[in-house]
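Protein sequence lines correspond, in order, to chains W and U. 335 is the number of the first residue of the first sequence in our numbering; add one for each residue after it. 335 is the number of the first residue of the second sequence in our numbering; add one for each residue after it.
Simulated from the structure, these hints should not be mistaken for laboratory data. Misleading hints may appear alongside valid ones.
A pair holds if it fits inside one copy or across any two, identical chains being indistinguishable in the list.
[What the hints assert, rightly or not] Here are the simulated lysine-lysine pairs, DSS-like style, with alpha carbons at most 30 Å apart: (1) K406 - K396; (2) K513 - K412; (3) K364 - K406; (4) K396 - K407; (5) K552 - K363; (6) K513 - K364.
Protein chains: 2
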Amino acid sequence: MMNSFFLSLLVGLLFSKDYVKPTEIDGKKKWKGEGTTPNLESIVIGRCYEYIRIVNPSVGEKNCTKIWEAFKKAFMNKDPCNILPSDYELFINLSLHTIPPNKSLFWENNHLLVTSYSDRTRRYMPLCDTLIGSFGDFLNWCGQANDTGFNYDSCPTIEECENNAVETFWKIASITYAKQSSGVIYVMLNGSAIGGAYPVKGDSCGRGSVQILEERLKTMGYDITCIDNYKSVLLLKCLDYLNHPDCSIVSSAPSTQKGLVSPDRNGSWSRLIYTIFVVFVFEMCFNTQN
Amino acid sequence: MMNSFFLSLLVGLLFSKDYVKPTEIDGKKKWKGEGTTPNLESIVIGRCYEYIRIVNPSVGEKNCTKIWEAFKKAFMNKDPCNILPSDYELFINLSLHTIPPNKSLFWENNHLLVTSYSDRTRRYMPLCDTLIGSFGDFLNWCGQANDTGFNYDSCPTIEECENNAVETFWKIASITYAKQSSGVIYVMLNGSAIGGAYPVKGDSCGRGSVQILEERLKTMGYDITCIDNYKSVLLLKCLDYLNHPDCSIVSSAPSTQKGLVSPDRNGSWSRLIYTIFVVFVFEMCFNTQN
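Starting from the given sequences, assemble the full structure and let the hints guide the process.
Put into C-alpha cells, the structure is as follows:
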C-alpha cells in the first residue's frame, strides 16, 4: 500500500481493482477495515516531536500540534470515501522537509525489512522515515460525515473505496516524497511469497513485473541496475537464520557460534527471502501532482 | 550509563568516581549537562501509547497520562541532586510488565547497535525496548527545588552528582529489569574503542573486566558462554562495511555487489567492531532492591 502509488505511476496499474459496496445497517455504514488506532493524537504528536528532536533534528523547528490539526482537518467531518489529495495540502505544506540526495528508498511488500534496513534515516530515508510518513506509519484512521470525531469502530478498506483517508494520505505522501527525491534512487521489492512458508515463484530482475518496471525506467532514460538478493539486505535477514542454505556465504565462522543464540528456524523457510534491489539515478524532480 | 548499574552490581565498580561541584551563579545552579529535552511530555506519552498499541500490545491496557504524572512527580519540585530510587516507585509500579524468558539483553557502550539488533522487541527485549525504558531512551530531564517546571537550560551530569533524575531513573529501571529477567540472559559488551578511528586494545572474553564478569558469574553458579564477535551481531555491522577485512566471511558473493549501494568506508575503521556476547541461564529472580 504505502509507496506503491509511486511504483504504479511508473509501471502502470498491474492489476485492475473491483470495488465492493459497504454494508449499511440502519443507515449507518459499517466498514470492513479496522477503526482508528486508539490514542492516535498522542502517538502522532509524540512521533512528530521525536522526529524533529531526536531522529532528524536537521529538519528544524516545526509546530507539531499545528501539523496535527491540519492532518485531522483533511478527513474530519467528511464522507470517509471522498477524501482527496488536496484535503491533505495544508498538512503536507506544514510537515515538508528535504530528503537528502541518494537516500530515497521506494519499496513494496517489505515494510518491516525496510524499517530495519533504513535504521531510522541512518542508512536510507524511505517515506516512513520522513516526518510526513511518521504521521501514518503502522496507523489507521478515518472520520465520518457530519461528525467531528474519529471512527474507532471501523474504517473503509481499499476494496470498499479507494478515496479513503488512509489511501489518499499515502497517495499524496508518496507523490510528495517522489518529488522531493533526487540523486541515486533505490527501489526494494519482495520476490518472496508473503507468509513465506513455501517457495512461491516470485518476480526477479528481468522477469515479470520487475521487467516492466525496468523497461519503463529505461524508456524514461534512466541508467538502472537491478540486483537480485542484494548482499547487504540478505545479511540482515541472515542474522536470524545463520544456518539457512541461503546464508551459506556466512557459514565459514566457527561452528560453535551457529544457532547458539538465535536458534535457526530452517524448518519454517524454504527460501529465506527473495529481494530485488533496483538502483537508478534520478537527476530532476518531476511533476506528477497535476 | 543505561543498564550499566546491573553490570556494576555483578562486577563491582571497576572505576572510582570523583564528583565535581556545580557552578553557582547568583545562587542559581548552572549545571554542565544538557537541559530537559524540549516537548518531553509529548514524546514520552506518545512513546507510551505507541508501545502498548503497536510495539508490544501484549502488555495490555495502561493509562499513559497517569504514568507520565507519576514519572514527573519523582523529580519535580525537588533538589535535582537528591532524587532517590524510591521517588520513581509509583512510576515503576504503573508501567511494569513482564519480560519474556530468554529475551533479556544487558549491554554497555553499544546503544545504537543494541537498538538495531533488538529490532523493537522482535529479536530481544533490552531495557530500552520495555515500557519503562521508553520513558528515558535518548531523553534528558530534570526539575529544580521550589519550582514545578522542568529545567530546560541545564541538568546535572553524573560528575556533578550521582543522584540526579536521569541516573536514578536508569538505576531503578535496571534493577527492576534485572528482577523481571529470567531464562537465558544475554550481555552484549563493546570491546572496541568509542569513536573507533584507531584500534585501541579493548577487553575480550577471558580478559580484563570481561574476565572479572565471567568469574563473578561462575562464582554465583551460572553456566556461562562468552563469544567474541558473535557472528549475528557482526553481520549487522557488516551491512555497511561489506569490503571490510573483518567482513571477509561474507566476501564470496559476486564482486559487482560490493560497495555498490553502501559505499565501503574502509578508511575510517581499522577494526570494524569488537563485541563480546556473554550468555548465561538465570533461573530465579533475585532481590537487589533492598
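Within, between, both or neither, where K513 and K364 count as close if Cα-Cα is 30 Å or less: neither (36 Å within a copy, 46 Å between copies)
I want to check one pair: K364 and K406. Are their C-alpha atoms no more than 30 Å apart within a copy, between two copies, both, or neither? within (21 Å within a copy, 41 Å between copies)
Is it within, between, both, or neither for K552 and K363, if the alpha carbons may be no more than 30 Å apart? Neither. Shortest intra-copy (46 Å) and inter-copy (64 Å) distances fail the 30 Å Cα cut-off.
Cα distance capped at 30 Å. Does K406 pair with K396 within a copy, between copies, both, or neither? Answer is both; intra-copy 17 Å and inter-copy 25 Å each pass.
Have a look at K513 and K412 and pick one of within, between, both or neither, based on CA distance no larger than 30 Å. within (28 Å within a copy, 51 Å between copies)
At 30 Å max between alpha carbons, let me know whether K396 reaches K407 within a copy, between copies, both or neither. both (18 Å within a copy, 29 Å between copies)
Violated hints, in rising order: 5 and 6; the structure is consistent with all others.
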